[in-house]
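*Asks:* Work out the full structure: start from the sequences and follow the hints.
Protein chains in written order, with our numbering: chain A, 1 to 325; chain B, 1 to 131; chain C, 1 to 554.
Because the hints were derived from the structure by calculation, they are not lab data.
Predicted, not measured: the structure shown is a model, and the values here were computed from it.
Where hints are given, some of them may not hold.
Distance condition first, Cα-Cα at most 27 Å in a straight line; then the derived BS3-like pairs of lysine-lysine [what the hints assert, rightly or not]:
id : chain 1 : residue 1 : chain 2 : residue 2
1  : C       : Lys247    : A       : Lys51
2  : C       : Lys504    : A       : Lys51
3  : A       : Lys232    : C       : Lys504
4  : A       : Lys232    : A       : Lys193
5  : C       : Lys31     : B       : Lys109
Derived contacts from chain C toward chain B, CB cut-off under 8 Å, selection only [unchecked claim]:
id : residue
6  : Val190
7  : His193
8  : Arg196
9  : Pro429
By construction, the Cβ of each residue, glycine as well, lies at the ideal position given by its N, Cα and C atoms.
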Amino acid sequence: MIPSSPLLPDQASDVARSVDHLMLFALSGLVVFSALIAILVLVFMVKYRRKGDADVGIDIYETNPKSHVLELVWSVIPLGLLLVLFGWGTKVFFDQNRPPADAVQYWVTGRQWMWKIQHPDGRREINELHVPVGRAVRLKMISEDVIHDFYVPAFRIHVDVLPSRYTTYWFKANRTGTFHLFCGQYCGVEHSKMVGRIVVMEPRAYEAWLAGEKTSPSASAVASGDELFITKSCTTCHRPDSSARAPILNGVFGTQASLNDGTKALVNEDYVRESILNPAAKVVAGYQPVMPTFKGQVSEEELIQLVEYVKALKAASATAAEAGK
Amino acid sequence: MASDAHGASPGSDAAAHGAAAGLAHHFDSYEQQRDSAALGIWTFLVTEILFFGGLFAAYGLYRSLYPEVFRASSHTLSIQLGTFNTVVLIASSLTMALAVRGGQTGKGKLAAGFLVLTLVLGSVFLVVKGF
Amino acid sequence: MTATASAAPAAATTPDGSPRTHYLNAAYGLKSWLLTRDHKRIALLYLVSISVFFALGGLMAVLIRMELATPEGDLFQPDIYNRLFTMHGVLMIFFFLIPGIPAVLGNFLIPLMIGARDLAFPRINLLSWYLYSAGGLLTLWALLHGGVDTGWTFYTPLSTNYVTTSVLTVGVGIFIAGFSSILTGLNFVVTIHRMRAPGLTWFRLPLFVWGHYATSIIQILGTPVVAIAILLIAAERSLHIGVFDPKLGGDPVLFQHLFWFYSHPAVYIMILPSMGVISELVATFSRKPIFGYRFVAFASIGIAVLGFLVWGHHMFVAGQSIYAGVIFSVLSMLVAVPSAIKVFNWTATLYKGSISWDTPMLYALGFIGLFTIGGLTGVMLATLGIDAHVHDTYFIIAHFHYIMVGGAIMGYLGGLHFWWPKITGRMYPVFWSKLSALVVFVGFNVTFFPQFILGYLGMPRRYHSYPPEFQVLNVMSSAGATVLGLGYLMPLIYFIWSMRYGPKAPANPWGATGLEWQTTSPPPVENFLIQPVVTAPPYTYPAPKRAPEVTVGV
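*Replies:* See the structure below:
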């Protein structure tokens, strides 16, 4: 069960620990300055309480040449501390947003009011994600409707889930346990019910879970994507042999594409998704904008599978080139 | 200085009328009144710049992202209605300027008439836009 | 009775010294109020209207806290709960806090403080109130038809494509009220530039005026942008132009940029006037000038300018580039500095002051403490690494309520208690006023402090039901809310009571400086019987206690 905690949520990753350290620093600053102001106010209130009707205060600002120095001091010192806080916060933020190279990619589709999670091997979960402890997990997320937000307090990160493009969430759990998953962006009537669990398990327990899953793992995303590539007739134009009608997709993922307006674009997940839904937005140089749009004909999940398929074509180019020689 | 015991608008008391015609009661001089009015209008224009600026920014953004869409849809507009509306717009500027002139020369009824005409032309503009 | 004020004091005052004719009894009847051009009467019209909206918004808060006392959503359907928190936000922000101090205290006092007979454009001032009322009535009408359930932030595409509530009506209501705000700002800017009394240079202005000047700049420059954002939502909902709809090539995050470009400066609209009040209170009740007057004046302008550059700190995790996040984070740190300067300067003013513990001062001192905490938690939120965790949790809610309620509303109440004798010519019962200040302070902290903890623990905002481990802190918060509500009820009662039964107030009951205290309580229609001339810097103590009957200057 999810344990309750008096002041801190579970700390389930190294990033979470660094956020807590940062928070402690900021909190100390807050306590020190608030206490300072509160104490000064209370002391002055009592010490300089009005003595009589004719009593007036003494203006020290004009008479004391050190006043300007004081102003400068209490502007510069807070500014310095704030910049330290800023720098530290930026470093933590970069850690929160930059998955390591060895992170395993999962897919998350959010929709009112549930989370659909897809493992790399095709296994699907609803509102739950089982992972082995110590695995760096990268979640590529998209929404089917409104803006949601993937929030796991134990990992100390929110990332909004948008309907227009993929966003990335990553974590590496350093202890086992079950942790809250919340939707962190108001998304309609059942927003408070769009919750779930992240279940981090010991490797043996994870294997057992994999083996014991009642639903057989469906085909991997790549295999489903391969099937879709054929059933949606992508093969009509996108053929691995030389064909003038459409760019060859083998090995194209991760490269820079030269577009017909002279600019370049990185072929990443968003690029592939956009090319399927809105092909005319970016047309590769030398080709005509004849690709039809598949908007309304593929769901977000199918798009994820097609993206994974195109990604996997990278490896095939080497072997295909060798076979062709 | 008389303090007004009747009527809600202190500007209508006799002393002000006798002192200076056309000078609102809360101003000390014509110069102050004119300067305030000028500053007021300029400030208002600044707010209008930001109002339409936001709109133009959104327009500019989407136009640069989808130029072919804008080109295509521009062909669906009617040149006749557009020209007519332009004439209406410029005419309403004329009636507005004439209204201001009427106000400056003390012809209140004329000024009001031109203001109404400006409103009418503005409504015509909006209605035509609907088509 | 028609009275002609003359140089002889006897005819102008009643036996107990208060003025015979003043702006309240100069004319009677509904028309004299609804068609008034007197800035003082318009201020009172606003006082009544915003109090109504505050009461409504407060009622929603009570219902929200009642629901949140238990983890399950058992009091209201989620649909109803979503409308409650949305309308709470909309009413409190657009119809209470943003007009708030400028519309009531600013309208009443700015001409008095600068020695003018009225604002530059009295009819536009009245128009502002009518626009505000029209927008408010439209929103109330929408409320009666179910209100809106998008959150006061109206994020797309939820608000444009996925809800069936009266988004359009409320949007139009806010749009109209926005013009009220723009016109008030415009009026203040022109008034402060052009209508100061002879001898009243910029650096002799009370800091209340500086605060309102800075606020007016924001109102003028920022409000039009939210007007456009609302227009675009309306166009999207009714015409499906696609500007925010990803299925039509639009970008939902664009709305967030347009919305927060106004709504961040808007929070400075809500706090700067309150800071202006605090400066007046601290100076008066310490009987000395504010430490570092020019620094405080420039800090107001600095906050207004920098406030326009930080909107992206609401969008650190919204899909904004992390590099944009870095820029917004450092700018947000910068905007904290002028606020810090003000807090230090107010505290330094107390040193060697002559401090009286009158009710307005109690509110001011409470403000200093609570604003410090609220502001420092704001700095935490400007810190990227922390915000990524507490974004859209109860930490955010606690932060902005510390500023808005612990800050802005305490300043508003302090100001009302300070200038009440000037506005109404009556004093309120001192014991009850001090007690209510204490009740408000305690109730406020018990309500909102636990929410910081709840937020860090991970409780998201806008949640109708929550995991059971969050219950204890929620119950604490709801208990505090009851006390806070009581604390707000008390002034309502004794202020109304004082208007009939309170002892009559002299011209300058607090011994304060400032031109408004050099005229009678309540002031005459024309504000001053004789044009004041200013020859001294502000906050020069001791100040004369009685209104001059025949004087040539201050």
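*Asks:* Hint by hint, which ones does the structure fall short of?
*Replies:* 1, 3, 4, 8 and 9
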